[in-house]
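Q: Sequence:
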Amino acid sequence: MTAIKHIDGPNGHKLAYARTEGEGPVIVFLSGYKSDMEGTKAVHLEAWAKLTGRAFLRFDYSGHGISGGVFEEGCIGDWARDAQAVIEATCEGPVVLVGSSMGGWIASLMTQRLRHVVGFVGIAAAPDFTEDGFWAGFSDEQRQQIMQDGQVALPSDYGDPYIVTRRLIEDGRENLVLRSPLHMPYPVRLVQGTEDTAVSRETALRLLDHIDSPDLRLTLVKGTDHRFSEPQNLRHIEEAILEVLA
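Residue numbers (the UniProt record's numbering): 1 to 246.
Calculated directly from the structure, the hints in this document are not laboratory data.
Please note: incorrect hints may appear among the correct ones.
List of simulated lysine-lysine pairs, DSS-like, C-alpha gap at most 25 Å [as the list claims (entries may be wrong)]:
hint, residue 1, residue 2
1, LYS50, LYS5
2, LYS5, LYS34
3, LYS34, LYS14
For each label pair, taking beta carbons as the anchor points, the in silico distance ranges come out as [as the list claims (entries may be wrong)]:
hint, residue 1, residue 2, range
4, THR40, LYS14, 21 to 31 Å
5, PHE71, SER229, 15 to 25 Å
6, ALA246, GLN151, 42 to 52 Å
7, GLU174, GLY137, 13 to 23 Å
8, ASP8, GLU195, 35 to 45 Å
9, GLU141, GLU174, 21 to 31 Å
Glycine included, C-beta positions come from ideal geometry on N, C-alpha and C.
I would like the entire structure built from these sequences, with the hints used as guidance.
A: Given below as structure tokens:
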């Protein structure tokens, strides 16, 4: 495993990252909501990058993994600023962004903020989920609760309940990416499982429609769920990255 290092983040928290040296562009993995850089995909892709001699970066947003901060106090804008800070501090040249779930939303924001992006891979990407998923799915009672109390608890298939805050919802509205075209003048690959209950194939199609790219493909993988972490799924991700790099 690559040694863990830290930088001072823009929101006042220590941000943990692991940067593997190798041939560029740097493959940057952006993890999902409440996930971290020790997840199956991040660790597998780091090992694959080492094996193939490619540069790789994984990191934790504030409130995630071993970075500083409290998860429930964060929001999309905070985590996007964290991502930009780590990438700019550790990657001098071109990067390929690989975003999983929420990381696909953060990566979409990075394509509009970073100068040296040369490729994008979305894995069950979940852009705008705070508005189109959480808020759209709330009952009137839940909407009233979050506005009055500042938060609401939602059940999760992946462990403890999600604490969704009013700040997360309101900040999410300032960072929506599916309301206007996303200019990505480089290869883009999107992969999506048909049995994903967290992110629908309709979301993948909306992202496909909004991205302006000369080389864009969406692959639907039958029978695969949101984790997208089975051995055959990991091979799909490797292949998507190689297509973007080529």
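Q: Give a verdict on every hint.
A: Here is what the structure says about each hint:
Proposed proximity of LYS50 and LYS5 is supported: the alpha carbons are some 18 Å apart, at most 25 Å. Distance restraint check for LYS5 and LYS34: the Cα-Cα separation of roughly 20 Å lies within the 25 Å cut-off, and the hinted pair is therefore satisfied. Annotation: proposed proximity of LYS34 to LYS14 holds, straight-line Cα distance about 17 Å (limit 25 Å). At about 24 Å, the beta-carbon gap between THR40 and LYS14 stays in the expected band of 21 to 31 Å.
Distance hint check for PHE71 and SER229: the Cβ-Cβ separation is about 21 Å, which falls inside the suggested range of 15 to 25 Å. A beta carbon spacing of about 45 Å between ALA246 and GLN151 agrees with the range 42 to 52 Å that was offered as a hint. Hint check: GLU174 to GLY137, Cβ distance near 20 Å, so the stated range 13 to 23 Å holds. Distance hint check: the CB atoms of ASP8 and GLU195 are about 41 Å apart, consistent with the given range 35 to 45 Å.
For the hinted restraint 21 to 31 Å between GLU141 and GLU174, the CB-CB distance of approximately 25 Å keeps it satisfied.
In this structure, every one of the numbered hints holds.
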